[in-house]
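J.: From just these sequences and the hints, can you work out the full model?
Each protein sequence line maps, in turn, to chains A and G.
Letter 14 of the first sequence, counting from 1, is numbered 297 in our numbering, and no numbers are missing.
Letter 184 of the second sequence, counting from 1, is numbered 164 in our numbering, and no numbers are missing.
It should be emphasised that the hints constitute simulated quantities derived from the structure, not laboratory data.
All C-beta atoms, glycine included, are put in the ideal place defined by N, C-alpha and C.
Warning: the hint list may mix true and false statements.
[Stated by the list, open to error] Here chain G is said to cover these stretches of chain A; the calculated rule only asks that three of the stretch's residues, wherever they fall, bring their Cβ under 8 Å from a Cβ of chain G:
(1) 373 to 384
(2) 436 to 449
(3) 457 to 469
(4) 531 to 538
[Unchecked claim] Label-pair restraints from in silico Cβ distances:
(5) G/P75 x A/A494: 45 to 55 Å
(6) G/G170 x A/L540: 37 to 47 Å
(7) A/D390 x G/L224: 50 to 60 Å
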Amino acid sequence: MSGRPHPDSPRLPGDVGRRLWWRSLALQAAWNHQRMQNLGLLHLLTPWCHWRELDADARRRLARRHLGYFNTNPYLAPYILGGLLRLEDEHRLGRAVPERLIAGFRDSLSRACGALGDELMWLGVRPATLLVAALAGWWGGWPWALAAVAGVAALQLGLRWRALGVGYRRGLDVIQEFEGRRWHRGVAWAQRVALILTGLLAGLFFAGGRAAATQLGFAQLAAVGVVGLGVAVLVAQRRSGEVQFLLGLALLAGVSLLI
Amino acid sequence: MTGLELAVTWIGVALVGAVLALDETALAQTWLAQPLPAALCTGLVAGDPAAALVPGFFMQLLVLGNLPVGAASTLDATSATIGVVGGVLVAGAGPALGASPLAVWQAGAGWQIGLMLVIMAVASHLGGHLVRLERRSHLAWKLAVYRQLRDGDFQVVDMLQRRALGVCALRGAAVTLLVAVLVGMLWPVGSAAIPEAARRVLALAPLLTVPLAVGGLSDRVGHRRAAPWLVGSLVLGLGLGWWLW
Chain A
284 MSGRPHPDSP RLPGDVGRRL WWRSLALQAA WNHQRMQNLG LLHLLTPWCH WRELDADARR
344 RLARRHLGYF NTNPYLAPYI LGGLLRLEDE HRLGRAVPER LIAGFRDSLS RACGALGDEL
404 MWLGVRPATL LVAALAGWWG GWPWALAAVA GVAALQLGLR WRALGVGYRR GLDVIQEFEG
464 RRWHRGVAWA QRVALILTGL LAGLFFAGGR AAATQLGFAQ LAAVGVVGLG VAVLVAQRRS
524 GEVQFLLGLA LLAGVSLLI
Chain G
-19 MTGLELAVTW IGVALVGAVL ALDETALAQT WLAQPLPAAL CTGLVAGDPA AALVPGFFMQ
41 LLVLGNLPVG AASTLDATSA TIGVVGGVLV AGAGPALGAS PLAVWQAGAG WQIGLMLVIM
101 AVASHLGGHL VRLERRSHLA WKLAVYRQLR DGDFQVVDML QRRALGVCAL RGAAVTLLVA
161 VLVGMLWPVG SAAIPEAARR VLALAPLLTV PLAVGGLSDR VGHRRAAPWL VGSLVLGLGL
221 GWWLW
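T.: Structural data, given as structure tokens:
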């Protein structure tokens, strides 16, 4: 769909929608410590400015409204971005949408989506996807591992496209998308799946050591388990996996000398 | 490998580094930049994706508990993985790595995977400094054109975004290529010079990533919530493995 739709249109025209979606993927390109994703948000507004043919004064007011702090989860961001554009449309047409409401919508929904999206995507769907890929690669070979990640990538890009449309169609009511317990149930189950796959992979791997007739003794295996779990539990949230690994390996070297 | 094949492979590895550096945070975040798929993409370019599976598998477990959100300290596991896997494959060590994660139970493959993981962890840590520098430069650029931004000059915003994406891709390509060339040149001599005692410790390194993944994810989710699911599935996995093998 292209051309010039009616200003009240609850749908984004195809070419504008595609440009907005593409730019929404680059929300974090110019991420900065001071205001985080604010430049990404302004970048996303550019096609909308062209579509609505804003004059210099309207562009200035728009930029000043959205130059402040903005940070949310990039996977749920299209809901906010779509809703924000709809509110900007209504504000421009002189409806009862004050600037304060737009800023309030952006800030409150970005916090909610940030917390929800981080729990869902970073601690649930991401580890689950990569563990499925690891197990698929182990059993079926490398094409299955790559296919698993590529499949989820295609799915989440499609869902982000849909979320942008839903956000624009529903405007302020997009908040209702996050009502109820289904998102929280989704978070809980995504994390459970990730935990189950982690445990399953660990069990299969250590059972495989017996089949591979490893030369390692029980004391060495116990040291690996205790050091790995100990380092992860004691320093996990303060240090990255890389630092934990190097620290754990140094400890293991010392323990191996003693054993 | 002839000189031309080598040059084409290095260019391919650098391109994978550029594209996946973008995917890691700046553009799309599809998770193809995570260590396992990144290693496989590198293997495809270097001509041996099967050999890239095992190092990618263990590096993925190593960073499973990392949480790359907001202002959290960011490292550069993507460039490190691509560089090390690319360098080792170009050095011709692919066949020694094995095609299944169980290969690390044999000391011959285990210590080589362990050495790769150590280099990846160090390179990721060092690359993280560049990522932080790049992000600080975004702020400096923004402040330099702040007045234009406040006045609604959206062309400046587009320019800043394009510059940020370009620098990110360049950083990814440069770090990846540097690590790959260094590893490719030093691997044959350096790995042969590692003493037996160090090899025994390095052989434990891939095994260490498994409890690190379990502990790291449990810590993020909450030990009390995670324990029943982890313990139950661990027992199931052990039983299944015992029955299968």
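J.: Each hint: holds or not?
T.: Structure-based check of each hint:
no.: 1; hint: 373 to 384; in the structure: violated (count 0)
no.: 2; hint: 436 to 449; in the structure: holds (count 3)
no.: 3; hint: 457 to 469; in the structure: violated (count 0)
no.: 4; hint: 531 to 538; in the structure: holds (count 4)
no.: 5; hint: G/P75 x A/A494: 45 to 55 Å; in the structure: violated (22 Å)
no.: 6; hint: G/G170 x A/L540: 37 to 47 Å; in the structure: violated (23 Å)
no.: 7; hint: A/D390 x G/L224: 50 to 60 Å; in the structure: holds (52 Å)
When held up to the earlier numbered hints, the structure conflicts with 1, 3, 5 and 6 and fits the remainder.
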